[in-house]
Structures are given as C-alpha cells and as structure tokens.
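First to last, the sequence lines map onto chains A and B.
Per the numbering used here, residue 1 is the first one in the first sequence, and the count goes up by one each step.
Per the numbering used here, residue 1001 is the first one in the second sequence, and the count goes up by one each step.
For the record, the hints were derived by calculation from the structure and aren't laboratory data.
C-beta atoms are modelled at their ideal positions from N, C-alpha and C, and glycine is treated no differently.
Warning: the hint list may mix true and false statements.
Calculated lysine to aspartate or glutamate pairs in the DMTMM-like style (CA-CA distance at most 20 Å, straight line) [what the hints assert, rightly or not]: (1) A:K112 x B:D1100; (2) A:K92 x A:D254; (3) B:K1008 x A:D254.
Ranges between beta-carbon positions, derived for each pair [unchecked claim]: (4) B:D1100 x A:Y136: 29 to 39 Å; (5) B:R1218 x A:R443: 44 to 54 Å; (6) B:P1119 x A:D101: 44 to 54 Å; (7) B:G1075 x A:D134: 40 to 50 Å; (8) A:A63 x B:A1114: 20 to 30 Å; (9) B:R1225 x A:V11: 19 to 29 Å; (10) A:V11 x B:H1018: 48 to 58 Å; (11) A:W389 x B:K1231: 16 to 26 Å; (12) B:A1087 x A:P234: 33 to 43 Å; (13) B:G1075 x A:R149: 24 to 34 Å; (14) B:A1114 x A:Q250: 32 to 42 Å; (15) B:K1231 x A:F336: 17 to 27 Å; (16) B:P1132 x A:G190: 42 to 52 Å; (17) A:D163 x B:V1035: 51 to 61 Å.
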Amino acid sequence: MVKRWVVILTVLLTGGSLYKLYPGWFKGDFSSGWKPALNLGLDLQGGTYLKYEVMVDQIPKDASGKPTVDPKEAVDRAIEIMRNRVDGMGLKEPLIQREGDNYIVVQLPGDKDPDRTQRTIGATAQLAFKLVSDRYNAADYVDAAGNTREPLPDGVELMFDRDTKEPMLIETPLLMTGEMLSDAQVDFSGSQFGEPEIAFDLTPAGGDLFASITEENVKRRLAIILDGVVQSAPVIKDRIGGGRGVITGQFTVDEAKDLALVLRSGALPAPLEVVNKYVVGPTLGADTIRAGFLAAVFGTLAVLLYIGFYYRVSGLIADLALIFNLVFLMGALAAFGATLTLPGIAGIVLTLGMSVDSNVIIFERIREELRLGKTVRASVDAGYKHAFWTIFDSHVTSLITALVLFQFGTGPIKGFAITLSLGVSISMFTALFVSKAVFDARRASTTLSI
Amino acid sequence: MFSLIPNKTDIDFVGRRHIGFALSGFLMLLGFYAVFMLATGKAKLGVDFGGGANLTVILKQPVEVQQLRQALGSGFQGADIQRVEGASTYFVRMPVASGDSADVLLQQIRDGVAKGLAPNAVVEGSVEYVGPVVQQQLWQKAIWAIVISLLCILGYIALRFDFRFGVGALVATFHDVLAVLGIMVVTGHEFSLLVVTALLTLAGYSLTDTVVVFDRIRENLKARRTEPMAKVVNDSINETLSRTINTSMAFLVTVVALYFFGGPVVHSLSLALILGVIVGTYSSIFVASPVVVEWNLRSPAKR
C-alpha cells in the first residue's frame, strides 16, 4: 500500500513551496517568470554591509568627567539616528541592528553608492558654532602644508576649511551645538548662481541663543564646524534674529542634501568606527549569482544523470525524490524568509549530493537482497528497512555540524548552514518516504530495473 | 544491473592495513604541521582571519597581473594580487589600518588603472575590510564551532557505538579533517571561514561513510560469531565497497560541479570538500575498520 500520509504531505508541501516561491502565479500574475521570491544576500545582489563599533569612551563628558549619555543608551540612540538617515536616503530594505554591547550592524542590499552611504550614515555630525580667533593669525603658526610650526597659543585650536583647506585658529569655547537645530533643508534661493546651501531652523531657545551670540560678536567670523571641519566661517554683519541661518560652501547638490539630512537627524552621541566592512558592486553580484546558478544547475544535472544511468528506472525514482527535495528546500527558504548567499547555493548542491547517498545505500541493499534470490517486493522492503537507521545516522551527523555552523556562522556561512540543515532534514522525508511511495505504487510489477 | 564495482570483490584490505597506516600517518603529520603553522601565524590566512583589506576589481579589459601591479605603483608593493583565471576580475589583498583606508585603496586602484593602463578602467570594485576586533571575534567563533561540533560528534559516537568502534570512527574523522587541513595549508591555500565550514561539513559527512561500513560489520559479527574478526571485517568492507564508492561518487559529482562552476568565492570550500570526499572514502576503508581490527588483535574483545 502506498502510505496515504506521504502522498498528502507531498502534495501539500509541493503546493505550499510553489505558493511561497511564486506568489504571483497564484494571483494570475506571471510576470515574475521562473524567478523565485527569495531574499538574495549582499554577495548575490550587491550592497553594503558595515559593522560599526560605537566608541563609547569618546562620548562627550560633562564638567565632572562623567559621560553625558549612558553608553547603552548611546548605542540605541545611534541606531535610531542611523535609521533616520538611511530612511532619508531612500535605501530599500535596510537592516540595522545592535550586536553585542557596542556594535551596530548595517546591511543595505542593492546600495548603489556605497561611498556616499558610508559618509552619510556613519558621520558623527557634531555641529559646533565657535568663533574664529581675531587675536592670532593662523599663518604665524602653520606652514603652507598645514603643519604646525610653533606651539599654538592657549585657548585656540587648529582647524581647516572644508573647501579651501585654509588653516584657521578657532577659539575653544563652544557657543552653540547642533542640538539647537530643529530642521535643515537644501536651499537654492540664497546664492547668486543657484548653488545649493543648507538653510537651518533653530528651536525657540536656539533662536534666542543665536541672536545673542550674533549680537555680541558683530564683525567677527563665526565658524560653523561639522565633525572638526570648518564648513563655513562667515563674518557676522548684524544680530541674527528669527532663528534661521544658512551654511554656504562649494557643495554639490547631493552633498548638500546629505549634509542637511545628517543635520536633521542629529548628531551621533559618540563617533563610530568601521570594524568590518563588505561592499559588493552590482556587477560582481550578478557575476556571482550566475556562477551560483551554473553550479547549481550542473551539480543537479550531474547527480540526476549519474543516478538515473546507474540505477535505471529505480534511479529515475530517486531523481524524482531529489527534485521534490529541491522544490521543498527552496520553498522552505522562501517561507522562512531566509537569505540566499553563494555558500547557501553551495549548501543546496551539497544537500542533493547527500540526499542521493541515501538512495544509493537503499538501492545497493536492494541489489544485494535480489542477488540472494528474494522477490522484488521483499527486496525493496528489506532494502528500505535495513537502510533506515544507517540513513538516519548519516543525516543526524550532517545535521549536527550544520546546526553548529548555523549557531556560530556569520553572513554567508549562516546561509550555508541554513540550506544544509533544511536540506538534510527534508531529505529524510524525500529519500526515505517519497521514493518508497513510488516503489509501493508499482508493487504489482515482479521485475525491477535497478 | 550496471555497476562500477564488481559484485563480489575479495580484496584483502585488512591484511594490507599497514600500507594504509603509513599513508595515513603521513597525512596526519601534514595536518599537525598545518595546525602548527596556524598556531604560529605562518599559514596563509583569509581576510576574515588575517584582517586587512580584500579588494575585488573588475577591469574593462583583462591584463596580466604584472601589468596591473606596475600600473598601481609602489604603494601596492606589499599587495597580494590575484587574477581570476581567464577573467578580468582581480583580488588585491593588503594590510590596512582602518575601514576608511580600504576605500582609499580602492580609489588609488581606480586612479592607477586610469593613468597607467588607459584606456582601460575599473568597471567596478568591491571592498572587504576586517578590523582587528572582528578578526578576533571570528577566530573565537571558529574555535567554538570546531570544539562544539567535535563534542557533539563525540557524544553521538558514544551513543551510537560501543567503545572500540567509537574510537575507530573518531580516529577516522580526525584523520580526514587533519589530512584535508594539511593538504590545503601545505599547498598554500588561504585558511578562511569557508575552509573551516568545509572541514566541519566534511567531519559530519566522513562519519556517514564510516557508519555504513560499521553497521555492516556489526550485522556480520552477530551472524558469524565463530569466525576471526579480521576476516569478518574484511568481508564487510568488501560487501559495502560498492556503496562506499558509489555514495562518494554521487557526492563527488556535485562538489566537482561546484568547483568548476561556482566561481572563485567557493573555490576553497569546494576544493576542501573534494579532498574530503576522497580522503573520507579512503579512511572508512583503510582507517576506521583496521583500527578496530588492530586493537582486537592486540587485546581481543568479547563478542
């Protein structure tokens, strides 16, 4: 008898897998063609992976030397800010998560301009308003190459202009920070030639502060400093009320947009350092996916042909079981929302190799039983019965290592572990039960091509 | 019935076990040498374990590595530049201090190619950077993964076999992992996370091959209590020979496909697996069972 539950389960799993892989088909939309609905890893579609360490020891300290933000909170806040920046850049399906205590992992599949992304989301964006010294002249202390010739006087620090690289001596007292900003936008109206500027709005308190700063320092240069680089240092002509200001400079439109974005999203509570980075261009991703696809197709074909040739009709039955294994595995990947990586594809190919092992073990046993002169029915039953525990064992050992790899693996290795462990588990069902069901269906026949 | 292996073989594997022991001894020595090289930091490491930057650049036109090196100038003297066979894709491996300097390198390559190899140009580049912190974390993870899988395998063997067979299976598994590690390191392949992955996968797989033979030995030992163990073991190996070879062949065709078509990223993974299948098949015939026999000859166990 064909086991009924095997047939029902096979039909359900096939339907479920196809539904998950090709959801469009079931709504009458065939535009996806044969392209399955699988998440592709960065290695396959290109994109950016960044792991940042939040430098918690560099959180600004208050007068008593205590950090102004709790380190744990600082990481959470940094994640929040980075999320706003990523959203502001319009990147799709971003993944930003905390790892361990001080690490933040950012994954941006399909990121087309990784340099710009990194500059923008990783910028500390500490905005500072300070006065340019009018007592000392930078040229007296710094040579043309920007090296300090003499020790700087007390109360000033050396900074450089973003565009002209001109050295400037800036007075240490911090007059205002970016916290007083309520909004920042790109503006083209201010300049004569339509160059982009960043117009910022201040909070009410910020507006009052800015008014009094400008009132007290008329005729002096006010440096607007972002992460230690002077963006612009205009001369204050008059008291600026109304809580608005602009940052001018030689910005491209994109630079201005990004700068406005980081100002809007606020400063990170502490600087970040890239500790791990993986940036893949789209062409390379496309090359990799082609290689993975070819390997999968040739690997599958090789195994199907080998088994079909070696075991004839029985081999074709094993091939059928293999194809079910492949469909269920892909379906499971889609259902779990797992990410397919190149090592993941390797895992699929290996699964097929291991799965076919089970059929080899069974078939060799059946051959032995036939040689002993048993009937086809008895031989098939004995083959499956004797091979069961051997196959069970072989799957368990592979599953053990796959699960350990899943636990400890990162990125692509995890992808490998996922496909391997799912594939091995599914293979238990397809190799032992699905193929047996086909043999059972042909029970009446007294000959067996094996 | 089509068969690669004749139905009835009668090869004296057990009698010739000393040849196997000698070869295996050599392979394991290679393995220990590799472990020593890794421990002393002399083995070639992938960017994940070794740190630094790994840049991949695709050029418009393929050029020789030598030409590319010349175009890049003195800044890249210490770089390890490799070309993907027959393609215009190159890997440039360099030690760098930070993630930002990795980007700088990529820009320098773009500039160098544009200047020195014009009208050739970099079509696309990709950057992988592993800092010292992450490098350390990856080592830790890898070592944990290895230790825990070995413990799990050990536990599994203890549950599944009695003591002597357990030791035989364990020796064979260790043998396979060490041998493949040894061959990979000695032939100058990079030791990377993917190689560790391959080694662990192969540990699981190699055990499978051994299990098939051991199951048959135990079945036969029960049925043929009066015969000498060496004879029973040898017959069992012969009886399962066609299975042992055939399962490996099926697995081998898939990894070979992976090796030839899977692209440079999975080269090391598939190569380690190819070696693993070959060594694993050999060891389930020449190592696992003979160890049990040898032990029994020296101090016979009750059956």
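Tested hints:
1. The straight-line distance between the Cα atoms of K112 (chain A) and D1100 (chain B) is roughly 18 Å, inside the 20 Å bound, and the hint therefore holds.
2. Our distance criterion of 20 Å between C-alpha atoms is met by K92 (chain A) and D254 (chain A), whose separation comes to about 18 Å.
3. A hinted pair counts as satisfied when its Cα atoms are at most 20 Å apart, and K1008 (chain B) with D254 (chain A) does not qualify at roughly 76 Å.
4. For D1100 (chain B) and Y136 (chain A), the Cβ-Cβ distance of about 32 Å falls inside the hinted range of 29 to 39 Å, so the restraint holds.
5. Checking the proposed 44 to 54 Å range against R1218 (chain B) and R443 (chain A) shows it is violated: the Cβ atoms sit about 31 Å from each other.
6. The supplied range of 44 to 54 Å is met by P1119 (chain B) and D101 (chain A), whose beta-carbon atoms lie about 50 Å from each other.
7. Evaluation of the 40 to 50 Å hint for G1075 (chain B) and D134 (chain A) yields a pass: the beta carbon distance comes to about 42 Å.
8. At roughly 52 Å, the beta-carbon separation of A63 (chain A) and A1114 (chain B) lies outside the given 20 to 30 Å, and the hint is violated.
9. The supplied range of 19 to 29 Å is broken by R1225 (chain B) and V11 (chain A), whose beta-carbon atoms lie about 48 Å from each other.
10. Under the hint 48 to 58 Å, the C-beta atoms of V11 (chain A) and H1018 (chain B), about 56 Å apart, fit the expected range.
11. Under the hint 16 to 26 Å, the C-beta atoms of W389 (chain A) and K1231 (chain B), about 25 Å apart, fit the expected range.
12. The hint said 33 to 43 Å for the Cβ distance between A1087 (chain B) and P234 (chain A), and at roughly 53 Å that hint is violated.
13. Taking the beta carbon of each, G1075 (chain B) and R149 (chain A) are about 29 Å apart, inside 24 to 34 Å as hinted.
14. For A1114 (chain B) and Q250 (chain A), the hinted distance range of 32 to 42 Å is not satisfied, since their beta carbons lie about 24 Å from each other.
15. A hinted range of 17 to 27 Å is violated for the C-beta pair K1231 (chain B) and F336 (chain A), which are about 51 Å apart.
16. Separation of P1132 (chain B) from G190 (chain A) is about 46 Å and conforms to the stated range, judged on CB atoms against 42 to 52 Å.
17. Between D163 (chain A) and V1035 (chain B) the CB atoms are about 56 Å apart, so this pair conforms to the stated range of 51 to 61 Å.
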